[in-house]
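Participant: Input sequences plus hints: build the corresponding full structure.
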Amino acid sequence: MSEHIIPTRTYYLIWISLMCLTVITAAVAFVDLGQFNTIVALSIATLKALLVVLFFMHLKYTNEKMSKVAVISALFWLVLLLALSLTDYGWRGAGAV
Amino acid sequence: MSSVAITPEREHYLNKEYGISSWLLTTDHKRIALLYLVSITFFFFIGGFFALLIRLELLTPAGDLVQADTYNKLFTMHGQTMIFFFLIPSIPAVLGNFLVPMMIGAKDLAFPRINLLSWYLYIIAGIIYLHCILTGGVDVGWTFYTPLSSGFSNTKVIEAGVAVFINGFSSILTGLNFVVTIHRMRAPGMTWSRLPLFIWSHYATSIIMLLGTPVLAITLLLVVFERAFGLGIFDPTRGGDPLLFQHLFWFYSHPAVYIMILPSMGVISEVVPCFSRKRIFGYHFVALASIAIAVIGFLVWAHHMFVAGMSLYAALIFSLLSYLVAVPSAIKVFNWTATMYKGSISFSTPMLYAFGFIGLFTMGGLTGLFLAALGIDVHVTDTYFVIAHFHYIMVGGAVMGYLAGMHFWWPKISGRIYPEGWGRLAALIVFIGFNLTFFPQFVLGYVGMPRRYWQYSQEFQVLNVLSTAGSTVLAVGYLLPMVYFLWSMRYGKLADDNPWNATGLEWRTASPPPTYNFDETPVVTWEAYDYENMPLPQEVTLER
Numbered sequence: 003m004s005e006h007i008i009p010t011r012t013y014y015l016i017w018i019s020l021m022c023l024t025v026i027t028a029a030v031a032f033v034d035l036g037q038f039n040t041i042v043a044l045s046i047a048t049l050k051a052l053l054v055v056l057f058f059m060h061l062k063y064t065n066e067k068m069s070k071v072a073v074i075s076a077l078f079w080l081v082l083l084l085a086l087s088l089t090d091y092g093w094r095g096a097g098a099v
Numbered sequence: 024m025s026s027v028a029i030t031p032e033r034e035h036y037l038n039k040e041y042g043i044s045s046w047l048l049t050t051d052h053k054r055i056a057l058l059y060l061v062s063i064t065f066f067f068f069i070g071g072f073f074a075l076l077i078r079l080e081l082l083t084p085a086g087d088l089v090q091a092d093t094y095n096k097l098f099t100m101h102g103q104t105m106i107f108f109f110l111i112p113s114i115p116a117v118l119g120n121f122l123v124p125m126m127i128g129a130k131d132l133a134f135p136r137i138n139l140l141s142w143y144l145y146i147i148a149g150i151i152y153l154h155c156i157l158t159g160g161v162d163v164g165w166t167f168y169t170p171l172s173s174g175f176s177n178t179k180v181i182e183a184g185v186a187v188f189i190n191g192f193s194s195i196l197t198g199l200n201f202v203v204t205i206h207r208m209r210a211p212g213m214t215w216s217r218l219p220l221f222i223w224s225h226y227a228t229s230i231i232m233l234l235g236t237p238v239l240a241i242t243l244l245l246v247v248f249e250r251a252f253g254l255g256i257f258d259p260t261r262g263g264d265p266l267l268f269q270h271l272f273w274f275y276s277h278p279a280v281y282i283m284i285l286p287s288m289g290v291i292s293e294v295v296p297c298f299s300r301k302r303i304f305g306y307h308f309v310a311l312a313s314i315a316i317a318v319i320g321f322l323v324w325a326h327h328m329f330v331a332g333m334s335l336y337a338a339l340i341f342s343l344l345s346y347l348v349a350v351p352s353a354i355k356v357f358n359w360t361a362t363m364y365k366g367s368i369s370f371s372t373p374m375l376y377a378f379g380f381i382g383l384f385t386m387g388g389l390t391g392l393f394l395a396a397l398g399i400d401v402h403v404t405d406t407y408f409v410i411a412h413f414h415y416i417m418v419g420g421a422v423m424g425y426l427a428g429m430h431f432w433w434p435k436i437s438g439r440i441y442p443e444g445w446g447r448l449a450a451l452i453v454f455i456g457f458n459l460t461f462f463p464q465f466v467l468g469y470v471g472m473p474r475r476y477w478q479y480s481q482e483f484q485v486l487n488v489l490s491t492a493g494s495t496v497l498a499v500g501y502l503l504p505m506v507y508f509l510w511s512m513r514y515g516k517l518a519d520d521n522p523w524n525a526t527g528l529e530w531r532t533a534s535p536p537p538t539y540n541f542d543e544t545p546v547v548t549w550e551a552y553d554y555e556n557m558p559l560p561q562e563v564t565l566e567r
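Heads up: the sequence lines are chains A and B, in that order.
With the numbering used here applied, the first sequence covers 3 to 99.
With the numbering used here applied, the second sequence covers 24 to 567.
Honestly, the hints are just simulated from the structure, not real lab data.
Think of the CB as a built atom: it goes at the ideal place given N, C-alpha and C, for glycine as much as any other residue.
A hint or two may mislead.
[Claimed, not checked] Derived DEER-like restraints, expressed as beta-carbon distance ranges:
1) A:M21 - B:Q478: 51 to 59 Å
2) B:T50 - A:K62: 27 to 35 Å
3) A:A85 - B:H402: 44 to 52 Å
4) A:D34 - B:Q90: 47 to 55 Å
5) A:V54 - B:T50: 27 to 35 Å
6) B:R475 - A:L15: 48 to 56 Å
7) B:T158 - A:T24: 31 to 39 Å
8) B:H402 - A:G92: 21 to 29 Å
9) A:D34 - B:V61: 53 to 61 Å
10) A:A51 - B:V506: 46 to 54 Å
11) B:L311 - A:E66: 21 to 29 Å
12) A:F58 - B:L451: 53 to 61 Å
13) B:T50 - A:F38: 47 to 55 Å
Facilitator: Listed below in structure tokens is the structure:
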């Protein structure tokens, strides 16, 4: 089991980073970047999720195989959700049943 | 919940401590299972009450018992209560909580306090939902479809959504507890291929709970945000997409059907070998079929949306995948049947329910294939055919399995034997009542009666009367076990440790079990379902 102790300072820094990224997401939404608005928002969201998983959920400090299996399964399921939903959204114009 | 003094000289989990706080602050998985048993039984009767009102309204073609608006609330609250507050927690939270640690030779679940927390979350969600019911109710269907739920309904959608959201966390915590327990706390010698199939099915169920429930939670939160703050997520007038809600909702809610049925399959996999006195046929196939159902079950959700306007390409893919998920279920049915072949079968109550399960689940599953076929689905979508289909799975399958399990393990849970004659009678009544209620609905749907209407054309009346009559028979069948289980807690014959001469570890400790389940940690040196080397139970010997 991982017994790595993370200093409180790290937690505060990550929390402040998350808050800053939230403000940036909101601010960027008011700038018209065309379709890049979505890309920027999703990229920031991914970065935030990564910070949470690595530091708050201790994935950075674990060598447990099971933790990695859990993360990979979660990502795989997300891919399933997106990929199969896209069979609908990608082909909407091709007609409905 | 009052404790039952059974053998005052021996201490067990029921008589170790007394008083309300010993129950409300317990971390014993067996006591938490009983807390769940009382709570879900309460919600079962609330949901059942709504069902009876629905059937009473449909006794006559005219909408004469309740107003249309009230009827919308009745079927919504029937569905939400039964699914979120009874079926999903039923077997995992009651029998799973009680049995998972015992079956693998552990003293408790991995996180006993989280286990208690999950019950409290369930109760908080239940209280919020009860408040919703008592202060006006909700009418959007159990599916919360947008934009009705996010914009147009003027009932208590937010409250119901919050209740289901909180309840989801109870489910996630139970799933997490089971996964960690099964990985980490197996007794020496309890290898993965010696695990009882009940454990395999609970493992598969837990995976679904962990990976699916968060999606439902966030989706309902988005509905609440759209409704409360006007965010444009699902509302097309604000740039949203209503079908996005259906994709996200069914990504959880189709696998949720497997949360209901997989644990039931686990029960049947325990009951069939025991009452056939045979090792289960194809152990590894049945075990891996559970995992296959959990995985493939996530790939079929959009078959609920064939007529919703999604792309033809998606419909073809989801139709194909929906056929695929029938394969592991069929493997299980064939293997249970093969287990019985040349077995020494006895017709005890749990086995009667198991027979009921196999027959009714097969009918429910096969009619599911009708619905996976695009052409037939267009014809029967939103008709009573669909209602009959999923009740054959959820009631004919899941509830039958739950009752099989309750009867099978009641001697272990309570230390008493229930009256066998009454048990068999109740099983028969449930089977007859169930078929009388739901078989006519297949016909009704096929000839065109739509679901979710409080009045209907004259030509549908005969079948509706049959269905309503069946529901009253079914109600009697469900009340009986509750009465004789309660009766047996005081007056039932004392059960010995292993009244069925079953092979599982849970039968190798006392009935009722001591607080830490086993006096010494068991060491497993035998395969699962080793019935060839077990003597017949006394009752079976007498019958033969």
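Participant: Confirm or reject each hint.
Facilitator: A quick look at each hint next to the structure:
1. A:M21 - B:Q478: 51 to 59 Å: holds, 55 Å
2. B:T50 - A:K62: 27 to 35 Å: holds, 32 Å
3. A:A85 - B:H402: 44 to 52 Å: violated, 30 Å
4. A:D34 - B:Q90: 47 to 55 Å: holds, 49 Å
5. A:V54 - B:T50: 27 to 35 Å: Holds, at about 29 Å.
6. B:R475 - A:L15: 48 to 56 Å: Between R475 of chain B and L15 of chain A, where Cβ atoms are some 53 Å apart, the hint holds.
7. B:T158 - A:T24: 31 to 39 Å: Once the Cβ atoms are compared, 35 Å apart, the range 31 to 39 Å for T24 of chain A and T158 of chain B holds.
8. B:H402 - A:G92: 21 to 29 Å: holds, 28 Å
9. A:D34 - B:V61: 53 to 61 Å: holds, 58 Å
10. A:A51 - B:V506: 46 to 54 Å: holds, 52 Å
11. B:L311 - A:E66: 21 to 29 Å: holds, 25 Å
12. A:F58 - B:L451: 53 to 61 Å: Distance hint for F58 of chain A, L451 of chain B holds at roughly 55 Å.
13. B:T50 - A:F38: 47 to 55 Å: holds, 52 Å
In summary, the structure is inconsistent with hint 3 from the numbered list given earlier, while agreeing with all the others.
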